[in-house]
Amino acid sequence: MKKSIPEKQLFNSTKERDLLGHIVKTSIRYKIWVAILLLFIVFGMYGYYRQIRYGLIVTAMRDYTSWGIYISNFVFFVAVSLVGSLFSSILKLNKNEWAKPLIRISEIIAVAAIICAAVIIIIDMGRPDRFIYVFKFGRIQSPIIWDVIIISTYLVISFILLYISLLPDIAICRDRLTAIPKWKKKLYKIAAINWSNQPEQVLIIKKIGRILGITVLPVAFAIHTVTSWLFATTWRPGWDSTNLGPYFVSGAFMVGAAVIIFAMYFVRKYLNLKSYITTTHFDHMGKLLVLLSLVYFYFNINEYLGPAFKMVGVEGEHITELFVGKYAPMYWLVQIFGLVLPIVFLLFKNLRKPVPIVIISAFVILGAWFKRFLIVIPSLQHPYLPIQGVDESYLHYIPTWEEWAITMASFASLLLIITILIKLFPVIPIQELENPIEETSNESKKLKNEIH
Amino acid sequence: MGNKNSNASSRRNFIKKIASGSLITVSGLTIYSVSSCEKSTEGEKATLLTPDGKLVQVLKSEIESFELLPVSPKESRKGIPGKKFVMVVDLAKCKNARKCVKHCDKHHNLTPDRPYIKVLEMKDNEKSAPYWMPKKCFQCDNPPCVKVCPVGATFKRTDGIVLIDNERCIGCRFCMAACPYSARIFNWATPPNVDEDLSYSPETSIPSKIGTVGKCDFCPDMIRKDKLPHCITACPNGVLYFGDEIDDTVTNGEETLRLSTLLREKAGYRYLEELGTKPRVYYLPPVDRLFPFNKENAKEEES
Numbered sequence: 001m002k003k004s005i006p007e008k009q010l011f012n013s014t015k016e017r018d019l020l021g022h023i024v025k026t027s028i029r030y031k032i033w034v035a036i037l038l039l040f041i042v043f044g045m046y047g048y049y050r051q052i053r054y055g056l057i058v059t060a061m062r063d064y065t066s067w068g069i070y071i072s073n074f075v076f077f078v079a080v081s082l083v084g085s086l087f088s089s090i091l092k093l094n095k096n097e098w099a100k101p102l103i104r105i106s107e108i109i110a111v112a113a114i115i116c117a118a119v120i121i122i123i124d125m126g127r128p129d130r131f132i133y134v135f136k137f138g139r140i141q142s143p144i145i146w147d148v149i150i151i152s153t154y155l156v157i158s159f160i161l162l163y164i165s166l167l168p169d170i171a172i173c174r175d176r177l178t179a180i181p182k183w184k185k186k187l188y189k190i191a192a193i194n195w196s197n198q199p200e201q202v203l204i205i206k207k208i209g210r211i212l213g214i215t216v217l218p219v220a221f222a223i224h225t226v227t228s229w230l231f232a233t234t235w236r237p238g239w240d241s242t243n244l245g246p247y248f249v250s251g252a253f254m255v256g257a258a259v260i261i262f263a264m265y266f267v268r269k270y271l272n273l274k275s276y277i278t279t280t281h282f283d284h285m286g287k288l289l290v291l292l293s294l295v296y297f298y299f300n301i302n303e304y305l306g307p308a309f310k311m312v313g314v315e316g317e318h319i320t321e322l323f324v325g326k327y328a329p330m331y332w333l334v335q336i337f338g339l340v341l342p343i344v345f346l347l348f349k350n351l352r353k354p355v356p357i358v359i360i361s362a363f364v365i366l367g368a369w370f371k372r373f374l375i376v377i378p379s380l381q382h383p384y385l386p387i388q389g390v391d392e393s394y395l396h397y398i399p400t401w402e403e404w405a406i407t408m409a410s411f412a413s414l415l416l417i418i419t420i421l422i423k424l425f426p427v428i429p430i431q432e433l434e435n436p437i438e439e440t441s442n443e444s445k446k447l448k449n450e451i452h
Numbered sequence: 001m002g003n004k005n006s007n008a009s010s011r012r013n014f015i016k017k018i019a020s021g022s023l024i025t026v027s028g029l030t031i032y033s034v035s036s037c038e039k040s041t042e043g044e045k046a047t048l049l050t051p052d053g054k055l056v057q058v059l060k061s062e063i064e065s066f067e068l069l070p071v072s073p074k075e076s077r078k079g080i081p082g083k084k085f086v087m088v089v090d091l092a093k094c095k096n097a098r099k100c101v102k103h104c105d106k107h108h109n110l111t112p113d114r115p116y117i118k119v120l121e122m123k124d125n126e127k128s129a130p131y132w133m134p135k136k137c138f139q140c141d142n143p144p145c146v147k148v149c150p151v152g153a154t155f156k157r158t159d160g161i162v163l164i165d166n167e168r169c170i171g172c173r174f175c176m177a178a179c180p181y182s183a184r185i186f187n188w189a190t191p192p193n194v195d196e197d198l199s200y201s202p203e204t205s206i207p208s209k210i211g212t213v214g215k216c217d218f219c220p221d222m223i224r225k226d227k228l229p230h231c232i233t234a235c236p237n238g239v240l241y242f243g244d245e246i247d248d249t250v251t252n253g254e255e256t257l258r259l260s261t262l263l264r265e266k267a268g269y270r271y272l273e274e275l276g277t278k279p280r281v282y283y284l285p286p287v288d289r290l291f292p293f294n295k296e297n298a299k300e301e302e303s
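Chains X and C are the protein sequences, given in the same order.
With the numbering used here, letter number 185 in the first sequence gets 185, and the count goes up by one each step, no holes.
With the numbering used here, letter number 263 in the second sequence gets 263, and the count goes up by one each step, no holes.
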């Protein structure tokens with residue numbers, strides 16, 4: 001294990017230095033950050049070890065509240081992963097040129113989030129040792145199987161989308177980075193799969209990108225819609241709703257935009273990318289977040305107004321619990337600080353500046369997490385038949401430290417995957433910047449002529 | 001006429017039962033006799049009739065040494081042929097004696113904090129009187145739990161019973177979220193006092209396993225022995241009736257009644273009919289009560 005760096009890295013341009021500099025130089029801040037994340041992960045693994053050893057009894061879940069923060073966290077991660085499609089599909093197809101520097105970071109977040117979602121759902125299982133049964137005995141009529149199919153599809157598509165956009169940049173890393181350890185050189189060499197900017201190669205990648213950019217859209221809608229069907233296919237109050245699909249999808253886009261703002265703030269700050277991710281980006285993202293929040297706001301009204309007007313049976317009990325009962329403080333905090341106030345604040349231009357907008361986004365993200373808590377848990381506490389003759393602990397749900405430790409570890413894993421990917425690869429596409437748009441289009445024109 | 005029919009059918013059932021019992025014994029013998037044939041070839045022999053009509057001779061001593069083994073997980077998916085089991089709960093007779101709960105807990109190795117059967121204190125509206133409602137799994141004909149199970153660990157049988165194979169269950173708890181009647185319980189920890197030597201069968205639901213779901217199973221192991229489920233025989237007030245929809249008879253152990261007549265005359269209903277789950281448990285409304293509603297009943301009964 002020789003860690004000596006052979007020579008001083010020379011860059012051809014300032015752009016290259018800006019975008020590749022962090023790969024060559026490992027700061028102490030990065031090491032501390034990774035160490036903190038690893039600490040959280042190790043602590044979470046200890047919690048999970050206890051869960052494996054003693055069973056799900058270490059959680060606060062019981063027969064009535066049979067799903068807890070693992071499931072709400074799962075829904076949250078699936079929601080966050082939708083951001084990949086928002087950027088690599090919707091904004092790209094709409095030719096929103098300003099969004100280009102944000103595409104890669106959004107794709108990285110999408111891949112990381114969907115991996116964490118898959119892991120957290122296995123953690124929630126009573127018998128993770130029987131995970132393989134899902135494939136061995138899977139029955140297509142179960143919404144869980146739909147979810148397994150669609151999540152793995154989305155994982156593959158978002159991975160390919162990320163990879164093909166990275167490919168030219170990996171080649172650049174391979175060709176131009178000299179002052180890096182051997183394993184990194186090897187990694188870039190293998191990952192670049194002989195990419196050499198050949199016109200045919202560019203054409204193939206563009207084709208794949210175009211096809212997947214369109215395919216990812218219905219798949220992304222489907223992952224969150226199918227996740228909502230895990231709930232909508234039951235008779236539970238608050239879940240028994242036809243509104244649940246669009247409600248989930250719109251909420252996912254909102255939290256996705258907030259996560260992007262959050263990520264770009266820190267990437268910009270710590271990788272010194274102020275000239276690439278500009279205040280204009282924050283301004284645009286702020287406007288986008290307002291739009292997406294308004295859509296979510298609309299579906300929120302749809303979700304609660306009907307049942308609250310009718311107050312039918314258990315549905316009414318559920319609404320009472322949320323509006324004025326046990327969960328009222330959380331419910332109103334989430335709705336006001338996580339939804340209404342962000343919409344209002346972001347209407348002001350001054351509040352769309354980097355610092356205020358990142359604070360607002362933090363509220364949106366926190367609100368979104370607790371919103372999913374409010375979607376999953378209170379519903380389970382209002383069954384049709386009264387809860388009687390069970391232990392006192394069955395009536396409440398206050399997550400245990402093991403559950404929090406595992407949940408924090410899942411967040412740490414998400415951040416760790418994102419951090420490592422950002423550390424290894426340029427977070428803003430270099431190739432795009434090196435070949436101005438006219439040039440690439442000329443190139444492809446030439447290619448088309450060659451083909452015809 | 002009706003009585004004659006049911007007599008005949010029960011006699012037929014009895015023969016069938018004996019036959020199937022002996023089949024298991026004999027098939028067991030084919031494995032075990034290899035080791036024991038050397039020792040004693042002489043001894044009293046018994047003639048048994050197998051279900052396919054063959055007469056076989058086996059040693060009497062060996063028949064006794066074999067108990068009716070619980071049905072294997074694979075076999076238990078089929079159900080008892082020609083049967084459609086139902087239960088009727090007469091709410092007018094229940095005084096919350098909780099004997100059904102106790103016996104069920106004992107036979108399924110359950111702790112009192114998470115029983116299969118719950119006796120709920122119900123009150124339909126402000127003006128109507130409260131009543132006790134014994135509630136177990138409704139064995140729905142359109143079971144939400146079976147629909148959502150990703151691995152087929154919970155299944156519907158031809159005889160109407162919904163069972164769980166806890167060797168298949170992955171513990172996702174989707175069935176618990178889906179069941180509108182909260183009939184299912186989860187083994188959050190290792191169940192206490194588990195007899196590991198018992199051979200597991202979905203029909204007995206024991207031994208239960210950590211990380212899997214459990215629920216009322218209508219005791220098919222008892223039915224196969226031509227006995228009534230534990231809760232039926234335990235009830236001191238004859239609240240619970242068990243029977244077969246095809247035979248159109250139900251019994252609480254003391255009286256045997258026509259199911260259709262009972263439901264028609266006493267206005268039987270199914271709980272939350274509007275959900276479309278088609279339960280196999282019927283309730284008779286709590287009218288002309290045998291006992292006044294008294295919360296102390298359970299305590300008195302115990303002392």
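The set of hints was computed from the structure by calculation and includes no laboratory data.
Check each hint, because a few of them may be wrong.
[What the hints assert, rightly or not] 27 Å max Cα-Cα, derived BS3-like pairs, lysine-lysine:
#: 1; chain 1: X; residue 1: LYS310; chain 2: C; residue 2: LYS123
#: 2; chain 1: X; residue 1: LYS310; chain 2: C; residue 2: LYS127
#: 3; chain 1: X; residue 1: LYS326; chain 2: C; residue 2: LYS123
#: 4; chain 1: X; residue 1: LYS136; chain 2: C; residue 2: LYS127
#: 5; chain 1: C; residue 1: LYS147; chain 2: X; residue 2: LYS136
#: 6; chain 1: X; residue 1: LYS95; chain 2: X; residue 2: LYS349
Verification of the supplied hints:
Distance check on the hinted pair: X:LYS310 and C:LYS123 sit about 22 Å apart at the alpha-carbon level, within 27 Å; holds. For the hint linking X:LYS310 to C:LYS127, the alpha-carbon distance of about 22 Å falls within 27 Å, and the restraint holds. For the hint pairing X:LYS326 with C:LYS123, the CA-to-CA distance comes to about 24 Å; that is within 27 Å, so the pair holds. Between X:LYS136 and C:LYS127 the alpha-carbon distance is near 54 Å, which puts this suggested pair outside the 27 Å criterion.
Pair hint C:LYS147 plus X:LYS136 holds up; C-alpha atoms about 17 Å apart against a cutoff of 27 Å. Distance hint between X:LYS95 and X:LYS349 is fulfilled; the C-alpha atoms sit about 24 Å from each other, no more than 27 Å.
The structure does not agree with numbered hint 4 stated previously, though it agrees with all others.
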